[in-house]
Each structure stands twice: as structure tokens, then as C-alpha cells.
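Residue numbers (this note's numbering), protein chains in the order written: chain A, 1 to 971; chain R, 1 to 971.
You may find that some hints are simply not true.
What the hints assert, rightly or not - Calculated cross-link-like contacts (lysine-lysine; reagent style BS3-like; alpha-carbon spacing at most 30 Å):
| hint | chain 1 | residue 1 | chain 2 | residue 2 |
| --- | --- | --- | --- | --- |
| 1 | R | 740 | A | 225 |
| 2 | R | 638 | R | 223 |
| 3 | R | 109 | A | 740 |
| 4 | R | 638 | A | 740 |
| 5 | A | 638 | R | 740 |
| 6 | A | 377 | A | 205 |
| 7 | R | 740 | A | 223 |
| 8 | R | 377 | R | 205 |
| 9 | A | 109 | A | 87 |
| 10 | A | 118 | A | 141 |
| 11 | R | 638 | R | 87 |
| 12 | R | 223 | A | 740 |
| 13 | A | 232 | A | 205 |
| 14 | A | 225 | A | 87 |
| 15 | R | 109 | R | 368 |
| 16 | R | 205 | R | 118 |
| 17 | A | 814 | A | 762 |
| 18 | R | 109 | R | 205 |
To be verified - Chain R residues, not near chain A, derived (Cβ > 10 Å throughout):
| hint | residue |
| --- | --- |
| 19 | 139 |
| 20 | 144 |
| 21 | 263 |
| 22 | 302 |
| 23 | 756 |
| 24 | 813 |
| 25 | 863 |
| 26 | 923 |
Hint data in this document are derived by calculation from the structure and do not stem from the laboratory. Each residue gets a CB set at the ideal place from its N, CA and C atoms; glycine is no exception.
Number of protein chains: 2
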Amino acid sequence: MTIIPVSSSVLRLIPRLGGLALACLLCASGYALGSERFVSFEPAPQDAALVAAGVAAPLLVDAADWPGVRRAVSDLQADVERVSGVKPAVAEAGGATAPFAVLVGTVGKSPLIDGLAKSGKLDVSGISGRWEAFQLQLVEKPLPGIDRALVIAGSDKRGTIYGVYELSQQIGVSPWYWWADVPTVHRDAVYVRPVRLVDDGPTVKYRGIFLNDEAPALSGWAKEKFGGINSKMYVHVFELILRLRGNFLWPAMWNNAFNEDDPESPRLADEYGIVMSTSHHEPMLRAQQEWARHGSGPWDYSKNETVLRQFWADGVRRNRDFESIVTLAMRGDGDEPMSEESNVALLEKIVADQRAILAKEVDPDVTKIQQVWALYKEVQDYYERGMRVPDDVTLLWCDDNWGNIRRLPNAAERERAGGAGIYYHFDYVGGPRCYKWINTIPLTKVWEQMNLAWQYDATRIWVVNVGDLKPMEFPIEYFLTFAWDPAAWPYERIGEFSEQWAAREFGPEHAVEIAALVNGYTKLNGRRKPEMIAPETFSLVNYREAERVFAEWADLLARAEKVEAALPAAAHDAFFQLVLYPIQACANLNELYVAAGRNRLYSVQGRFDTNREAARVRQAFDTDAALVQRYHALAGGKWNHQMDQAKFGYVTWQEPAAEVMPAVSALRPNAGPVPALAVEGRPEGMPVWGAPPPKVPSLDVYSQGTRWVELFNRGDAPYTFTAVSDQPWLKVTPACGEVKDTVRLEISADWSAVPVGNTTAKVTLQPSQGRPFTVTVLLVNPAELRPGSFAGFVEIDNHVAIEAPHFSRAIGDKQTEWRTLADFGRTLGGVTTFPVLAAPRTPGGHSPRLEYDIHFFSAGDATVEFHVAPSLDFQPDMPLQFAVSFDDETPTLVKVGTWESLPSWEKAVGDGVRRVMSTHTLGKPGRHTLKVWAVTPGVVLERIVIDTGTARRPGVRPSYLGPIESPRAGK
Amino acid sequence: MTIIPVSSSVLRLIPRLGGLALACLLCASGYALGSERFVSFEPAPQDAALVAAGVAAPLLVDAADWPGVRRAVSDLQADVERVSGVKPAVAEAGGATAPFAVLVGTVGKSPLIDGLAKSGKLDVSGISGRWEAFQLQLVEKPLPGIDRALVIAGSDKRGTIYGVYELSQQIGVSPWYWWADVPTVHRDAVYVRPVRLVDDGPTVKYRGIFLNDEAPALSGWAKEKFGGINSKMYVHVFELILRLRGNFLWPAMWNNAFNEDDPESPRLADEYGIVMSTSHHEPMLRAQQEWARHGSGPWDYSKNETVLRQFWADGVRRNRDFESIVTLAMRGDGDEPMSEESNVALLEKIVADQRAILAKEVDPDVTKIQQVWALYKEVQDYYERGMRVPDDVTLLWCDDNWGNIRRLPNAAERERAGGAGIYYHFDYVGGPRCYKWINTIPLTKVWEQMNLAWQYDATRIWVVNVGDLKPMEFPIEYFLTFAWDPAAWPYERIGEFSEQWAAREFGPEHAVEIAALVNGYTKLNGRRKPEMIAPETFSLVNYREAERVFAEWADLLARAEKVEAALPAAAHDAFFQLVLYPIQACANLNELYVAAGRNRLYSVQGRFDTNREAARVRQAFDTDAALVQRYHALAGGKWNHQMDQAKFGYVTWQEPAAEVMPAVSALRPNAGPVPALAVEGRPEGMPVWGAPPPKVPSLDVYSQGTRWVELFNRGDAPYTFTAVSDQPWLKVTPACGEVKDTVRLEISADWSAVPVGNTTAKVTLQPSQGRPFTVTVLLVNPAELRPGSFAGFVEIDNHVAIEAPHFSRAIGDKQTEWRTLADFGRTLGGVTTFPVLAAPRTPGGHSPRLEYDIHFFSAGDATVEFHVAPSLDFQPDMPLQFAVSFDDETPTLVKVGTWESLPSWEKAVGDGVRRVMSTHTLGKPGRHTLKVWAVTPGVVLERIVIDTGTARRPGVRPSYLGPIESPRAGK
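If we strip away everything but chain A, and leave its shape as in the complex, we get (with noise of 0.2 Å):
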């Protein structure tokens, strides 16, 4: 979008600020996401009032204009009413008369328009022959009898309803105010102030959605609402895209056929101006429903060519009047993969019988029938081996069901006519797991891989999987709004949109903490698909990662319920749809599941607090119900059914047949006090069998934290005990207590006593039963590296964990730039390099590099494990790839090696990161400096975790995030 400014918008300029400074940038609600503001609620000198005095200015449409207008100017009517109570009129342009009116029309299409064009009131010069483009103006005396009139003119029939549903958005009606329920604010009047807003249209083609997966959520809600998934609820879904400034979508296809289910469907799809197609897999416009209904004979064009292009030939013929994309090509029944005989020579000829039968049935010139060949799965195999169709046909190049694109078009391919698009996914129904349930999309990645989409040229079509749609609410306005204007929206607006978003829904009060509490949800969700997540995930025993991970999310749940607090109750609704239930939903399951591996772990441990544990998993478990019960109960029902995806009970990559809550198990403590004790680090029980003498990780100077041990009970009544350290400045707390369940305590020093270099303490944990447990702590406090003394990472408890945004230098050139992608991935955030386009480069000398400077107090065998994003080689030519180097070392190439093996995939998609590895000798202690060098654009690194462990001493120790990041020894 191109925003001519008449006056300056605030909003194109605003910073991330905090809650107050933004309060006040944001004063009113109702706009659209990234435009210049136009409308306002109190009369200003130049303003004209499109309500007031319980008088709406008309609506002015001609009858020639298309349907879709036409229909897109009632809904402006219902918004105006809906904002102010009242009901503008809709009136042809010819006759009205009025002070102030809107007039709507199309370039081409609507007298009204082109004769304000032909006459020079109009300016339609900027939007006239494109694609979708549309202008807002405020215009004086446009017509005998009106005096202004706020003109929305659009460059083809979609163009106008985007100009139209801009003024609703504008006025305060969220695109989302029927599908989450967002409330509008009444205004008793409302002005339109002067204004020029010309947008030449979007940057790519074809927007769209894809409704997929859709039992039990979607199937079940819409057959409580409308008797199916039918016309009655699929004009929601038309009306949703286009408010969206979508265009495109792909229909439900589980048990589903669109265009024959309900014949109105695609009628009205078309008269709305949605562009229809079939999915990935299913080709020329039947869905598969319709072959397993109608079909004879086998799904396979060796076998049954006859049948099969009959069946087609009958599917083009029936939508031949409708706007489409046609589908080619064709892939085994049930969108798995067709039999292994088939080979790139069938599939050749196959669609070249289908653009045979387009050419008889819809147009001669197939070259004007918009046709794409998705690449789906093992059909990119195909390609890669050789198969092409048509330059005319878009090529359809997809992620890897987990939001990592697998290919981008060539310098060759991005010439091809036909263009290139994308099929990504928000939801997905397939292997490691499905994950069909909660919003777990950060924004953040999808601007990295869509970006990328974008600088490639694959903008002809986006479609993005959205499951049962409800849930992604977020996610999707992101999608759209970036395709629509790639430009507009670089990574650093990610928060700006977030606040926009959140502000126009919510209000401004809480705009950047509803903002913060959407991509915080996101970000933990993006770290690991909560269907994933199992009692072992995080670590319950090393670098305190399931309190850690555990506490974000009763942060994020404080502050989202703070927020739920302060809001009005008639934005509860919403709130709870968008904001407030995967917070809620998702802390619960996280608090199950960690309270799960906690009963697993103190089961096998012997703690009295397994059953405690046992019961928390049950709690949780039926506080998720009620949360889902609460969700179905939103705007008296209206969502019912819209949460009933089981979420709890992956044993495969399938979803369970209900939900099914984690095991649990239960103990019989043993008669009387049973002292016993846990340290951090090690996961067993003491005493036990075989197990070493306890001993937890090192303390250091620099980090000065904590070390805990616990002592715990294996029987059913309370001890007592006493702790004492040996050393002066070696701190236990508590230093004694009684102990039913549990008791933590924690280690630390008083440096200012602890001598300089290696000390070994010990701490003595007495019980009032049986015999005491000494455990042993190692103080590092080194004579050659003082405190305050140096830059760089320390090594301590034998690794070294980075964040990789932490680098002591960022070194680029003229044609490489290091950027930091704040938040990006599971912690810090990313680093990266730009341009995405550019050539790999070979690393060495001044090449462009990170350094990471470290000070290793052992030397040796050093293990560098890189935490980089799941991407993929997006260019067949160009495998992923960084270099790796101490010092003065020759870097070494390493390879993210995307596509490996399914088992490498699916463990990099899973944990949501991939690792490489690659090993060096450090020849002595001291500083180091570790460089990542820059290779191929596309590598987004996010942690490094250096490994200095032997087999005498432990390094890094099992965790699901790694290590808390290393301490610096400060400047």
C-alpha cells in the first residue's frame, strides 16, 4: 500500500513504546492496520460528518456496478449502523441529495465513477488498470445535490470492496467482528477527514486461505449453525477474506465438497469476488469427496483415463463461469502420494490432457485460465526430476507442513509466465504430529519464510493452511496483510502490527500488552507444538527449565488475566477468543505436563509429593475442559463445538481419539520419616543404589547465583534436619526445618570471603533420622580472570551457552549485513544475513563474520552445537550453510543439512530448531574467540552451546532449551 499523505499519520511512524506513551498515540480505536488514519469521532474544521445528529450520510452506488459492490456497501451500511445506530441510506448516485455523502464505484464499471474521472474531479489515474487497487478521497461538489462525498473508487470489482471495508475498519468495525466477536464502540458521530489514500494494489496476486482438517471443530460447529459446511456459513468465511483484502481460498475437503454440496456456494463465492480453486491434490475444480462419492473404478489415470477425464471435464464445465484457479496434475487418492510405477511421464501427459479439456469446456486459450500445479510432497520430486508443465502455470512450491518453505523459484523459473506462489501452513494433519488445535504461529517466522517467498518472486499465489480457521485469527490477518504489501511490513514492524492489531480489537490502553501477550503465547507455542510436549519435554533437574519455562507462562497468564481484569465486559468475548484462552489453555497444559514428568520423576525417586503431582495432572486436566466448556459457551454458544479438538493423548502422529490425560502414578509413602535427597543435575533419589556421592553444578564469581538440593521424604511422617556448610562464606538456606513433603534449599557464597581460584565445599544435610547427606559444590573463583575484567562469555560447569544475538562483534560488508531478528525462534532471537538474495559467500579473511569472544579455563576437545532455525534448502543449488572457526583456524563448512533424513527432519521441526555440530580442539586455555561466518543468506542462527565436558566431567547436561546462557565477566 501506498499512503499519499495529506496529513501525517502517527501511525505510520510509531515506535515500540510502552503502554502509556502508546495510550495516548492511540487514542481511539478503529482503523485498519497499517493505513492512514481518515476518520475521526469528533468533529475537526475540514471534517465531513459521515454520521451525526442521528443522521448517516448516504451510501451512493451505481446499479451497473458489480453485485460484489453492491453486496460490500451493505455491509458499510450494517458497519455505519453498527458503529452509530444508524442506517445510512443506499441510494443509486443518480438523484440523492445530500450535504455529505460516500460514493462507491468501479473504474470502468460504475457511470459515477467514470464521469467524476472524465470531469477531473477524480484522479483515478493511480489505481486505473490495475490489479485491485482502490482510492479513498474526500471530494467537493462531486454530483449536483451532494457537496462532498468520500469517494471509494475501485481499479477492478475487488479494488472497491477493499476500499470499502477500509472506510468500515476505519469507522471501528474489526474484519473480525463476527468470527471472534469483536466489539464495536458506539460513536454517536463520525467524521471523515480530508483525504487522498491511493493504493496501486496488492504485491501478491492471489490471497488466500485454505480451510483443511476440519472434524471435529469446524465440521461439528457448522453443523450445529448451519446445517453443514454450506453457503450459510461459507459467505462468513467470503466476507472474512475480503474485510482481509484476500481473494483466494481453498474449501473444506475432509468430508466436504464444496462446489457440490451446495450449489450456492460457489455462486455466491463468485458474486462476493472470491477466486475459488481445489487443493493441492485435488485437480480442475472436484473435490476428492466428489470422486469418492461418484467415482468408478480406480484413482489412477493408467488404469481409468476415460473415467477420469470425464470427471474432470465435468468439474471445469460446472464452474466454468466462476472465478478460478484450476488445479492440475493429480496425486494418489486421499492426498497420499500416487504408486510408486507413476513416474514424471504419466504425470506429463496428464496435464496436458487436462489443459486439453480446459481448452474445450472453459477457453480455447488456456493461457488465460489461471491454472497452477502444486508441488506438494514428493511432487516436487517430480520436478526435480525433470518434470514441467506449461510456462502459462503457476508453479505452486510449498513449506514442509511445519513453516519452513522447501523451495523457492530459480533466477530461471522466476521468468516463467506463470509465476510462482506458495502453500504454507498453520495447521497440519501429518507426521511428526499433528497439530490441528491452538494458535502456535509466531509471527516472527512467518515473516522470515514469507520474506523470502517474497525477495524469490513466489508471489503470483499465497495460501496458507488455517485448520479449522478459528483459532488463527491472528496469524491469517498477518499472513494477508503482509502479502498484500511485503514493503510495508519489514521484520522490525512486527510489533507495530502486533500493537495496531491489538489496539483496534481491544483499544489503545492495552494495545502493546495484548500485543506482548499475542506473540509471547506465540513464541513459547512456536518452541514446541503443545501436542508435542510430553512429561519429559523440559527438564526437571538441570538449569531449572521447567520452572523457568513454567514461569513464562504464569507470566503471560497474570498479565493476560490482569488484562481481562480491565477490559469492558463486552470485549470479554473476544478477549477470550483471541487472548485469553491459549494463554489460559496453554499455561494449563503446560503446568500438566510438568507436573506429569514431576510425578514420573519423584515416583521413581520415592517422594511423598508424587501423589500431590498425581493430582495436578488431574486438576489441570479438568481445568482444560472447563476452559474448552467455557469457550463453547462464548456469545451464547455461538462457538460451540469450535474447541473440540483433542489436544491431550498423541501416542503417533495422529490425533487421539478423545483426550487423554497424561499417566499418572500414584505412591504409597513408606511408614514413619524416610529422609532422602535430590540435587540439581542429577535426576535419581538418594540414597540409591549405586549412585555416586552428591554433588551439584559449580558456583562461579561471575554468575554468583544459586545451587538447590531438596530434601524430601519416602515416608509418610515428618523429620526434621539441620544444614551447615563448611566453609564460612558458603551459605545454606534454610539452615534447618521440618520436611512432610519437600524442602529446597538453595547454595550460595559470599564471594567477597570465597578465595581465589578452585575451592571444593561441602554441605552437610542432617535429618533427625538416619544418616546425613553430604553433597559438594565446586567454587570457581579464578586468580587469572577477575571479575569485570573482560568482554566475553566465561566457561563454567564445562559449556559455554550464547545467545546468538550476543555476539562481541557483528562484522558485514557491502554486499552482506548481519541483522538481528529480535525474538525470533525459542529465546533471544535470531541473527541473520541480508540480503536473502544474494550469492553465497566464501568465508575467510575479511569475510563477513559474528565473533563471539570466550574465556575457556580447560583446553581440548571443545563440541559447538548451533541452535539455527528449521529452514530449508529453499534453492537446489544452494544447500544452507555457515562456516565455523576459533581463532585463526580455516573456518569449517557446516551444513545445515535440511532434508537429511525424515528422522533429522522431524526431530529439527519438532523441537521447532535445528542443531549442527561441529567439533574443535582448543590447545589451551584462555581467551578465544569463536567466528560464524556467513555462507548462504537464509541461515538464521538463534543459540551456540560449546561443550567441554570428558568423561570425568559432566559439560552440558539434558535439557530441552539448552543451557541457561553463560555468564559475561563484564567490562
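Given chain A, work out where chain R should sit, using these hints.
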């Protein structure tokens, strides 16, 4: 024991009769197992009154006799009072006058006995000079003033003591009167019949038990009752051992030191007549704990020789005056292997040095000192690698800790002066898993292995690890009884032994039933230790396995509770300890695991029933606690702590820290009725993605059974169904109904109407909601093999399962006899060859073999799986083998392969059976004969499972015990 009949003994001839017949034979309780009964409670003309009319015959014993003998007489005095309420006088032999007296004395130590022998009134030639021999004889006018006497004479101290306790048993005092609260039946009068019973002493010289792994049960109990494991506790152990005709003890040593903890313990052991030693890894009469407490330096002779020599010298000097067996050599500290550096030469030096210490401290002629070298675990390897000890040292061969003897003396070794012994296990702490809780030892297995030991002359020492002692009462008595006189107790008398034991403890009325109960529960426990049972152990979908196993437990449980109800209250405590508790607790444990397995299976299938099974698990876990509480409350809390051993929650071989219930899931059913299906033979619930159409295993005309399918609910509201078949002769029951949770339907055929040949039929289940389920079943009714036409087995469902004793022919010869061991092993019984000392046979021709006639409908590859006892290669040059052929094939040798790898051994002992395979190709369908050829003795064959399945036709399905035995076509 040699019985010289005075009157004929019914007991020696006891057949295995039903309860009623036996009740007549066992018309009075109280007798020694296997002994002639010479005590009655009704006067007969020739009888003498031990007690009558309130007067008890005096017990006369010389002051010069062994203190241990006089102490045993005081036990007899108490026993007479226990029975009659009348306390007999104990007096010196000289000067007492009585019409009838009991004269007790030791040949060569008792002037009284020696005088009777000298006077010709008593012929002691049958015992004199023998080891532990004794006789009981009614002698007229033995002494002045004594008209008649029952003379109890022993060849030595223990011989006399055994004679005294023989009388105690005969009058009705069980050896277990104290240890298991076996009630004594009150008798107003007790008579002694004219008897001359001469027992020439035991076959096994030293017969003992090892109290081991004694925490938490024995330790906790002893601490509460006696203040620790001290002499106050041990006197009960000593007395028990002597009453059971044992003579030997390895004392508890986990945190205990017998000689040091209470110096009265060794002194009293010697006085009682118990030969003490220290366990297999504690040399020179010093407990491991003594080293732990006082040792300085490493437990490593190569590094700490001087200290160790002094440590050992102190030990043997301390105990030099007590009857002992000195353990030689050494293992690593804590019953672990020594370091890898240890070697044969070092160990030989250790033994030589230990013997030099013995020569110095105890007796210059060390060959007079009973010494033993325990060839436990890796120590046997030292022996096999050439290490030797002097000829007078007894070699103590060991089992694998799981009841399978690893080695027996070969012919040369049988000539050694020191002879050989066996260290055996009823309880074990180690891998694959500890079994410490309950009696899992079938007598059948003890017989089979200890018979080998006897036959191979390993009869110097038999010592068995009995854990805490308490739950092992029954096999302890069997082990010591068998050790006394193996020849008297052939395999076929196990039933008699059990019934006699049951009759002695609980009276004759329920003896047969109680014998069946104890042998029944140990057989079921012998299939798999309770500690190793898991929710997955028994198949829930194949062969109705879990149901069948649980039905066996339910049967035992019902019968045991019925017996309890019929027993007098005074017997309840004993019955609970000896019979009822293990049955209730193990039945409950099995129910718990089956429910836990169902919970897991059902949760994946999405069954409404999931939660009910979870509740069952929780209830069973509580029941387990209640049973422990009842045990602990017995006899006023006498046995508190004896069942403290955790049995649930194993995750490694080591015991869990507390009782941990198997984890169970909860399921949240979907809203409304959601019909689903499960079928026999398949784990999945349907509908499910990717499953083939439902099909049950075939029905056949020979077995004429039924197949099940289950309609279940994935929802929370009931649905109804109708079930119809597509054939008039195929029945499905019930034909309609309502499914709230699950309804099982059985499919059966009217075979008089089923077409001849193979017919595929369909059953259609139409739920009131959703699509029908159609289940296929194959009906096998072949023309070529009509029922009644063939006596052999028939291949059905692509397999043949055979109980080994169901051979068509057992063909032996003069050297080799086939014998069926009824009830041996996991199912019907075992088949093996005798004699066990026979040399290996070369299979083929007319050599001994079992033949199984089988009709196959298929041809091609067949895999034959033999289930054999997990016995080991007990002779170094004779690996256990048999041979297999079909028809006229050359027999193929099959090695039982007893020790080839740790995992295979762990699997075999865990399963209680070893599976070995042979593969064959059957050229054509029709009749074949499977031949199992004898090769080595010691192989016990239990089952044969022939798998004729292919990739397209499933053969044997997963289960623990294997398929139900295949039908025989009958004759």
C-alpha cells in the same frame, strides 16, 4: 529316611486322591512329613500314654548329653504342654519312676542310651557312627521304675535333636508353630504306638538357609520385636532349622554382622547345633559389615595383604570353638566382582594364605576344617579358567540366582574329597529384577534342579537364599526335606508332600485343596515374578490371554477364601500367612496390571471405559495396602513390617524406593454417542486412520469356539446397535443392545450348517449413530479333514500350538526314558528324559524321540518355537541340546543356548521359559509328524508353537504364553 515299618504307614502310600478320600486317610493332624505315624490320640491296646488323664510321661535326658539335646528336650516339654496343657517333667535318667517315659540321648554321649544298647534293649547299629541319624523305639522296661519308654536315640547331637522334634511333630506341633502361627490342636490324651523308626541320616550333609536381602522386611520387624537382628531373633531361626532337620545357616549380612552384633548369637548357634558360616563372598567367618566397620585400606589382597590377613585371622580365631564352615577366597567389596586386574594366581594365593591362617589359628590339619569355595557369578569363571583349591575344600556351585544351576560336578570332580554343594535362590537382589516380596518358587522347579544336584553328587552342602525367611515357609520346608532324603521324594510325590504339609498345618479336611492352592499360586508366580509383570505382559487382544490368566487367579482366590471361611478361627492367622495372603495379593496384583494394561490400551482406542480401568488400578493399589495391613496386624501385630517390601514401581532391576502404582490415564469422552469397534486379535480401536478392515481370527470346525468383537463408546452418551451376519449359520450375540461403555459380542457358527470348505462371512454392526462396521471372519471346515478322522493337532489360524505332554508317541529305549513332569513350568507340564546322568544321545533312526502328529492346511516355511525350561548347561562339556525333524528329515540339533548373552538369559529367566527356534519347509499340506529327539538330559520341553504365517496371513500373534493349544481333530 529309611522307614522300618512296625505297622504299615498309610502316608507312604498316599495316592493323589480327592479331598474326601484323603480326609479319611489323614484323619488326624500332626505328623512329620513323610514319616510313619506312631502317635495317636485315641488309645489302642498296645499304645503307651504320653499324656492321659492330666498326667504326662516324664522326659528323661542325661546331664552329660549335649546342652543342645537337653535344650531340645525342653522344647519337647513345651510342645507336650502346647498340645495337652499338661507340662511333663524333665528329669535326669537315673531315679525317675513312671509307667511310661520318654528317654532321650545321644549314642556315645548319653550313659542312658549307651546302657540300653549295652543291655541289648536297644539296637543302635542302624545309627551308630552315622551322621545325624536317629531312631525312635518303644522299649519295654528300659530302666528300673520305668515300665515302658519311647527311646529317642541319636547318632550324634543333631541326630538326637531331630528325633526329639520328630516326636514334637507327631504329637501335633508344626515346625512353623511360631514362625507361621500354625495352631496346635488340643489333645486331652496322646498315645505312642509300638514303633521302631530308624532314620540313618541325611543324604545332604549340610542343609541350610541364607537370610539375605533382609531389608526392609526382616530388618524392620526384628528391630521392632527384638531390637535388631540379634540372638533373641536368631534362637527362633535356629529352632526352626532344627525342627526342619536343617543344620546350617548363612546369617543376615546386609547391615549386619552375626558374630559381632551379638556375641550370644554364635554361642547359641553352636549350643543349638547350627553350623554357622558366612555367605559366599564373606571369607574366613567375617561379615562384610565387619570390614566396612573396621577394615583399613582397600579390600584388595594385592594391595592390602597384611591388613586382610590379620582381619581374617581374627575371624577364625574368634569362632574357633564353634561348629563352622569356613568360606575361602574373596570377591570384591559389597558382593561385587573383584577388579579386572584380579586373576587366578592371586586368588590361589589368597586361598593358600587363608588355609595357612586356619592351620595356625584353628587346627594344624586344615583338612579337618570344613571349608567351602563358592563359585558364585564370575568366580566360576576363575574356576573354568583353571583356578583350583585343595581337594578337601568343598566346591559350592551356584545357580544363576534365578533357580537354574550353572554347573554340577563332572565325573572327575565327583571324586574330590571335599565334594560339592549348591547355593540356590528363592529370593534375589539383582538383574533382570529383584524378587524379594513373595513366594514365586514352584516345587516342581526346585525338584527338577535339585534332583540334578543330587544325582550329580553335589550333596555336601545345600544352602538356599530365602530372603526375609517369612514368605518362603513352604519351599524352605520342601528344600530341607528333599535335602534330607531325595530318594524318598520323587517328582511324583510333590503332590503328596504338599498335601501332607497342608494336612499337618490345617488338618486333613482341606489338605488337597490347600495343596492345590499353594502349588497353584507358586506356579502362576513362577511364570513371571510379580515384580516383572507389567501392564503389557499379558495380551489383551490375543488368545483372551489376560482374561484367562486373571481367571486362574480369580479361581484360586475364590477357592482360598472358601477354605478360609471353612477353617476354624484359630487357623486363620496361619492360613493367611501361608496361603491366603499370597493368593489375595498376587491375584490383586495381576488384576491391577490387567486393569492398567486395559487403561493404556483403552486410552489409545479412545474408550469410555478407560476411566473405569484407572479406578480399578487405584482400588487394587489400595487393596494391596489393606492386605499388607492385615498381614502386619496378624497375631496382635507379631509380623509388623514383614510385608514392608515394595512390589510395585520397578523401573530398573533395583527395588523402588516406595510402592508406586503403575501410571494410569484418564480419558475425557467426546460429547454425545461416538460408536467405535475393537476386534479380537487387533490392538486398534476403529475407526482409526490407516487400519485395514476389521477381521477376527478364523473359526474352525474342530474347536468350534467363538470370536469376540467389542462395540465401545468414544462419547459420553449411549448408542444402540444391531448386529447381523450375512449367513444363516453364523450367529452374533447379542444381536442388539445399548452401548454405554462396552458391549462384547461373540461370533459363533452352527457347524452342522456351515458349508464344507473355507467360507468368508461378514458380521455387520449398525450403530444408531454413524456408519456401520463390517467384520470379516473365515470359517474353516475342510473337506479333507473331517472332525474325528485324525488324532493329531490341526493347523488353524496359521499356527499350531502344542502342550509338550500331548505327544502322539513318546519313544524311549533302554538307556533313555521319557517322563512327563505334571504341572511343570508355565502351562500343562514338561517332558524330559531320565536318567539325568545319561550320556548325550545321537539323534536319528530309532533313537528316543517325541512324536507329534499334525495336519497342515498350508505348505511352505514353518518356524517352530520350543518353550523349554530356562535350565543352564550344567556340565562344561555338555551343552543342553535336543534335535528336531519333520517326518523323515535329518534331525537338526537345537542348542538351548543357555548362557549365550545377558539379554537372552534375562529374557529367559524373566519369562520363566527359554524360547529356541528351528525353521523347516513343509513340501505339501497334509499330515506331518514333528519329532523332538533326545540329545542331552536336563532339557525340559513345555510347549511347541509352529508359526506358518506369512506376510499376508498373520501367524502367531503376540502374547506372553503363546497361543491357546490348537485343536486336535479327535479320533
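Against the structure, the hints:
no. : hint           : in the structure
1   : R:740 to A:225 : holds (27 Å)
2   : R:638 to R:223 : holds (12 Å)
3   : R:109 to A:740 : violated (63 Å)
4   : R:638 to A:740 : holds (29 Å)
5   : A:638 to R:740 : holds (29 Å)
6   : A:377 to A:205 : holds (24 Å)
7   : R:740 to A:223 : holds (24 Å)
8   : R:377 to R:205 : holds (24 Å)
9   : A:109 to A:87  : holds (26 Å)
10  : A:118 to A:141 : holds (15 Å)
11  : R:638 to R:87  : holds (25 Å)
12  : R:223 to A:740 : holds (24 Å)
13  : A:232 to A:205 : holds (27 Å)
14  : A:225 to A:87  : holds (27 Å)
15  : R:109 to R:368 : holds (21 Å)
16  : R:205 to R:118 : holds (29 Å)
17  : A:814 to A:762 : violated (56 Å)
18  : R:109 to R:205 : holds (21 Å)
19  : 139            : holds (56 Å)
20  : 144            : holds (61 Å)
21  : 263            : holds (26 Å)
22  : 302            : holds (25 Å)
23  : 756            : holds (35 Å)
24  : 813            : holds (52 Å)
25  : 863            : holds (29 Å)
26  : 923            : holds (34 Å)
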